[in-house]
Structures are given as C-alpha cells and as structure tokens.
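Chains as they are written, first to last, in my numbering: chain A, 1 to 460; chain B, 1 to 219.
Hints are computed from structural coordinates only; laboratory data are not their basis. It cannot be assumed that every hint is accurate.
As the list claims (entries may be wrong) - Just a few of them, taken from the derived set where beta-carbon distance is under 10 Å, the chain B residues facing chain A:
| id | residue |
| --- | --- |
| 1 | Leu12 |
| 2 | Asp96 |
| 3 | Tyr180 |
Think of the CB as a built atom: it goes at the ideal place given N, C-alpha and C, for glycine as much as any other residue.
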Amino acid sequence: MKSIQTRLNSAFVLITLALCLILWVSYSWFLRQTAYDFVNASLGSEAYVLLKSVEMDDSGGWRINAQYVAPVYEQPMSGHYFQFQVGDDPKWHYSRSLWDESIPLEGGEFVGNQGLRLLKKHDKPWLVREEVFTKDGRRLRMLLASDVSHIESGLARLRWGMMLVVALFLGAMLLAQILVIRSGLRSLVRVSGQLNQLKQGEIRKLPEADTVEVEPLVTEINYLVKSMEMRLTRSRNALGNLAHAAKTPLTVLDRQIEALQRIAPEQAEALREQSKQLRDLMERELRRARIAGAALPGHRIYLQQELDKLVRTMHAVHRDRQLQIDTQISATSYFPGERDDLVELLGNLLDNACKWARSRVRVSGMMDEHCLDLRIADDGPGVAADQRERLLQRGERLDESRAGHGLGMSIVAEIVRQYGGELDLQRADLGGLEVRLLLPRRQGMDLSASLHRDSAASPL
Amino acid sequence: MRVLLVEDDPALGPDLKSELARSGYAVDLVDNGVDAEAAGYEDIYDIAVLDLGLPGRPGLEVLHNWRKRKNALPVLILTARSAWQERVDGFEAGADDYLCKPFHTEELLLRMSALLRRVHQQAGAALEVAGLLLDEKTQSVVPQGQAPVSLTGTEYRLLRYFMHNPARVLSKLQLVEHLYDDAVENDSNVIEAYIKMLRKKIGHDRIETRRGQGYVFRP
Numbered sequence: 001m002k003s004i005q006t007r008l009n010s011a012f013v014l015i016t017l018a019l020c021l022i023l024w025v026s027y028s029w030f031l032r033q034t035a036y037d038f039v040n041a042s043l044g045s046e047a048y049v050l051l052k053s054v055e056m057d058d059s060g061g062w063r064i065n066a067q068y069v070a071p072v073y074e075q076p077m078s079g080h081y082f083q084f085q086v087g088d089d090p091k092w093h094y095s096r097s098l099w100d101e102s103i104p105l106e107g108g109e110f111v112g113n114q115g116l117r118l119l120k121k122h123d124k125p126w127l128v129r130e131e132v133f134t135k136d137g138r139r140l141r142m143l144l145a146s147d148v149s150h151i152e153s154g155l156a157r158l159r160w161g162m163m164l165v166v167a168l169f170l171g172a173m174l175l176a177q178i179l180v181i182r183s184g185l186r187s188l189v190r191v192s193g194q195l196n197q198l199k200q201g202e203i204r205k206l207p208e209a210d211t212v213e214v215e216p217l218v219t220e221i222n223y224l225v226k227s228m229e230m231r232l233t234r235s236r237n238a239l240g241n242l243a244h245a246a247k248t249p250l251t252v253l254d255r256q257i258e259a260l261q262r263i264a265p266e267q268a269e270a271l272r273e274q275s276k277q278l279r280d281l282m283e284r285e286l287r288r289a290r291i292a293g294a295a296l297p298g299h300r301i302y303l304q305q306e307l308d309k310l311v312r313t314m315h316a317v318h319r320d321r322q323l324q325i326d327t328q329i330s331a332t333s334y335f336p337g338e339r340d341d342l343v344e345l346l347g348n349l350l351d352n353a354c355k356w357a358r359s360r361v362r363v364s365g366m367m368d369e370h371c372l373d374l375r376i377a378d379d380g381p382g383v384a385a386d387q388r389e390r391l392l393q394r395g396e397r398l399d400e401s402r403a404g405h406g407l408g409m410s411i412v413a414e415i416v417r418q419y420g421g422e423l424d425l426q427r428a429d430l431g432g433l434e435v436r437l438l439l440p441r442r443q444g445m446d447l448s449a450s451l452h453r454d455s456a457a458s459p460l
Numbered sequence: 001m002r003v004l005l006v007e008d009d010p011a012l013g014p015d016l017k018s019e020l021a022r023s024g025y026a027v028d029l030v031d032n033g034v035d036a037e038a039a040g041y042e043d044i045y046d047i048a049v050l051d052l053g054l055p056g057r058p059g060l061e062v063l064h065n066w067r068k069r070k071n072a073l074p075v076l077i078l079t080a081r082s083a084w085q086e087r088v089d090g091f092e093a094g095a096d097d098y099l100c101k102p103f104h105t106e107e108l109l110l111r112m113s114a115l116l117r118r119v120h121q122q123a124g125a126a127l128e129v130a131g132l133l134l135d136e137k138t139q140s141v142v143p144q145g146q147a148p149v150s151l152t153g154t155e156y157r158l159l160r161y162f163m164h165n166p167a168r169v170l171s172k173l174q175l176v177e178h179l180y181d182d183a184v185e186n187d188s189n190v191i192e193a194y195i196k197m198l199r200k201k202i203g204h205d206r207i208e209t210r211r212g213q214g215y216v217f218r219p
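This is chain A alone, in the form it adopts within the complex (with noise of 0.2 Å):
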C-alpha cells in the first residue's frame, strides 16, 4: 500500500529538482553569455588603442609603439593577446605575451556575435575578436585574444555552490512539506483512530471532522452504520412479525389435529408429524436469520448486566427447581458483538444447563487481550466424550425426552462460529457439562493458543 506522504514528497522532489536544473543551466548559460559579451566589449576597446599605437618604424616595417600597449602584452603568456597584419604582407606581428606562439586564425566555435571564436589552445579556453581596420591607406588585419580560464572557473565555482544551495534548499523546503501534509493528514489519522475505536466498541459513531475534505467521508461512514442498525432492527422485526403470523396459523392448525385425533388417530398421527417438521425447520430457521453477527462494528456489551437478567429469567423459568445460578465475571468482560446474539447465546447455554444440573449452575467469563472466555458448567449428568461430538457437529439432542441440547446447541455453534469464535465441551469440575466459549475482541483474530491453553489457569 502506498503513503499518501511518502507519494507527495516523491513527487515534490521530483518537481523541484526538474525545476532547479532548468533553472542553473538555463543561469549558467546566460551568465557565461555575459561574461564572453564583456570580454568581447573590452577586446574591442583594446583593438582602438593598439590599432593607434601601431606604426611604421625605421625601415619601413611596422611596430607597436610598447609606450601606448598595456604591460600584460609584454608578459610572457599573460593571457592577453594580439598579432596584426598590414596590407598583403604575410608577416604577423605578435605581442610579445604570445613568446612564440600564434593565435590560431580560424577554428573553434562562434560565441555571441561580431565573429568571436572560443576555441582551445593548450587546454585553455581563449577567446579570440578578429578586426580589420584601414590605416594610413592600408588593410590592417588583427587578431585579440583573451584567456578566459578564471570565467570557467568561477562558472564552476558558481554551480558548486548554487549547487549547496539549491540541496539546502530542498532540504529545508522537503522539511517544510513534510509537516505542512502531516498537519494536512492530521484530521484523516484521526479518523482512522477513531474507526479503530469504533471497531473495538469504544464509541457508538464518528465525531464530526473538522476538515471539509473529511467530512464526506464522516458523514458517509456514519450513515453507513447507521443504516446497518436499521436494516437490521427492521428485518428483526420483520422476523418477528413473520414468527407470530406463521405461528399462530400453526398453533390452531396443530389443534384442529388434536381435534382429529379423537376421530381419526391414523390420519392425526401423520399430520402431527408434519406440522411438527414444519414447526421445527421455521424455528431453527428463523432463530439463525435472527443472528446478526459479527459484521456491525461499534458494539460492547458488557456480561454482567445482561446476565443478571438472564439469570433472573431462568430463575423464573426453571421456579420448580430450587438451583443456585453462580455467576464470575471478571469487571472488564464484554461481548465483543450484539446483545440480542449473546442473550440468545447465553440464554441456550444456561438453560441446557438449568434442566440438567441438580442443583448449581456456575458461569464464569473473563477477558484477555485476545478474546472472551466464557465457561458455563453444571453438576448434572453430564455428556460422554464421545457423545459430546456428535452434539457438537449436529446440535442432535441426545435425549428426546428432554427438551433443549438440540436445537440450542446447534443455534449456540452458528452463533460462535459466524463470530469467529471457538466452542469446546468438556467435564465440569462440579460434574456436569462444561460448554467453554472464546470469543475474539476483534474479527479475524486467531484464537487456537488460547484454546489450547492450560485449562487450570482458569478464570478467576
């Protein structure tokens, strides 16, 4: 997955340095540019005073007057340099700085305009102006030329250090992105905080965001859960309305075949044991679309609340039998899912549990960072081990004649198993059938360490 950070600051870098390297060679052309166009302006300006300090000697020949020359013509490979060539005399006059060399007459490339060349002599850089001139009636041809090693140098020096500042530059500006899309960011990791949060149960919806960009988002979300909850609300409902309009029909047709039985007990018989399937397929039916799930987020029921009342209601339920309801639930225990499941969850577990015990039921619940461990043990007859398979993978009721263990148990396995959880029976200490349940905190948590652990460091 790619970061919205690490993908603008890439970008940005990117950008920034195309724009930085237009910009220096874009600089450092116009700059050389400048400086060739000075050297060129000053040699034109020497051409006038040598083309004056040139006259004729003695013998007819041609001479610089040295009083008029600037000295660096006289130093030897001062850099500055001239030589000239009067009328169709193919002698060359050379300032005294060239020793003995000559300024190439042609080659190198054109700079600027007005004819200058820069071409290499030695490795180093020269520029070179060609002027004609006429003097006293004569074509006087002369050639300048200039060392231009320092531009180069101080070109390269120049783009060392546009160089450092430019890498600062970026430096700081990179700097300055990063926190200014961190603070960007900041409003869209507080959602996902507090998504995070409203997975775990903590709150109920998102708050309202404080950035325009967000809020859609928000909004949505939010809507989203909500209209979950509806949907959910209404096809329970719609379930329940459904259980009463089918039911009722049943209940009348189931005595009309009572009626029937005192006349024709052959023909009851049969219709007794088809309304009974049909009984039988709408409940389990209708019992496993009451489920919710695991799919809303947003929810954390705490046990103990809820198991007062249940425990209250099998008190009510089970009033002929004197039993003791224990109950251990550790403070920070809950549901990590919807009451409406748990109640039915726990509602079938304690009631196996109440018909068969004796006289105690215990539960005991406690929480770990994985998931929610729940036990619910009688002191009843119990369940042989290989009995408890076969209860296990179908939800059979092992004893007919009792109701319960059947249809419960298979409702408790769908329940715990589209919560991700685990269901595991096993001998209570008081006895009886021990159902342990884990439940994880979040879905998708693997549950089979805590399952397998020591079943001695029990709860509490």
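Please arrange chain B on chain A, whose structure you already have, making use of the hints.
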C-alpha cells in the same frame, strides 16, 4: 377462576376460550392491547394470558403499564416470540410465566394452574388444601383416604376458587365475578344453591357462612 385472555388471532382466540372454559375457567376474550390494559385494572381476574403482538398497544407495553400501576395480576405470556432476549424482556416487564407458540393445550393448562397455585403460595404439583385434593384433570375431589367424588362444572369451579383462597371471606358477588364470564347466571341466589350441593360432597363444615359478608373455606 376468571381468566383475561388477550389474543388477537380470530381463529385461535375463540378456540382457546372454549378450551379454557371446558377446563372450568371463566374466560373473557379481548383482541387488542388498549381494551386488554383497561380490563386488567378491573379487580375480577385471577390470571391473564397475554399475547405480545397485539393491535392497538403492544403486549409488553400493556404488561409494563399494569406493573407500573401496581397491578399484581398474574400474567402468563403466550407468544410466538421465542428468542431469549424477548423472554428476558417479558420477565423483566413483570411476566410470571412465558410460553411460546406453538404450544399444547395441556401445557398451557398445567402452567396456568401452577401459576395460580404459586400466586396463592401453594407449593406442590396438585391443589391440595386441608386433606382435600382437587384433581384438575378429572374435575373431581378426593377427600383424604376416600374415593374420588366427581363434581359438576360449576361445583368444580366454586371449590377450586375456595381452595385457592382458603380462610378468606368471599362475598357472593366476588364468587359470581370469578366463576362466570358473562351476566347470564349472575344471580347470587344460584351461588347459595351450589354451596349447598358442594357441602353435601365435601362435608358441611368445610364452608362456613358469614351472615351479611359471604363464605369462608376453612382449611
């Protein structure tokens, strides 16, 4: 025993009413929540059988309102809603028992008589007061160590009401209200005749006459 039967189904309601009447209950059938709540405040019912999905006012709300106004009428919820959360809600709202549809009539009758016994703090599986055992199935009375004596419908209902309320002064009007569901036989003189017949079957001194007040069943 007079029952307030709240059931909106047009087939099940009357059917259940006649079934309960056959078992010796006086039954008033109400098919909506508003009337049901109003009827529950009349002090003539011994038990209510309440459906939850009712037109007008939900059954749970009816029950809740009764309990809020300190109406201790024993209530058996008879509903298609079988989820545990719904059962918990029912008991938390103040129900005394909860039976899911579809159900068998015997189960309902068993639960009703168990609830009535419980309300009158009578433990045990059958109604037995002072050596008299009332057999609800055969509608007969078994005096201790003697053969069962069968009762007519009204005698049975009368004796059952007496046995549920031992040592209490019961006026003729009270007896009429709890034995009959309509005004057809509510002439209180009829009661005197039935008391007389009942005394022949269970012994004269079981029912004491309090002049100007009514009758007392002596345990």
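Using Cβ atoms only, decide whether Leu12(B) comes closer than 10 Å to chain A, and label the hint accordingly.
-> Given a least distance of 5 Å, the restraint on Leu12(B) holds.
Minimum Cβ distance from Asp96(B) to chain A below 10 Å?
-> OK, holds: Asp96(B) within 10 Å of chain A, min 8 Å.
Quick one, is the Tyr180(B) hint okay against chain A at 10 Å, beta carbons?
-> With a closest approach of 25 Å, the Tyr180(B) hint is violated.
Checked against the numbered hints given earlier, the structure breaks only hint 3 and satisfies all the rest.
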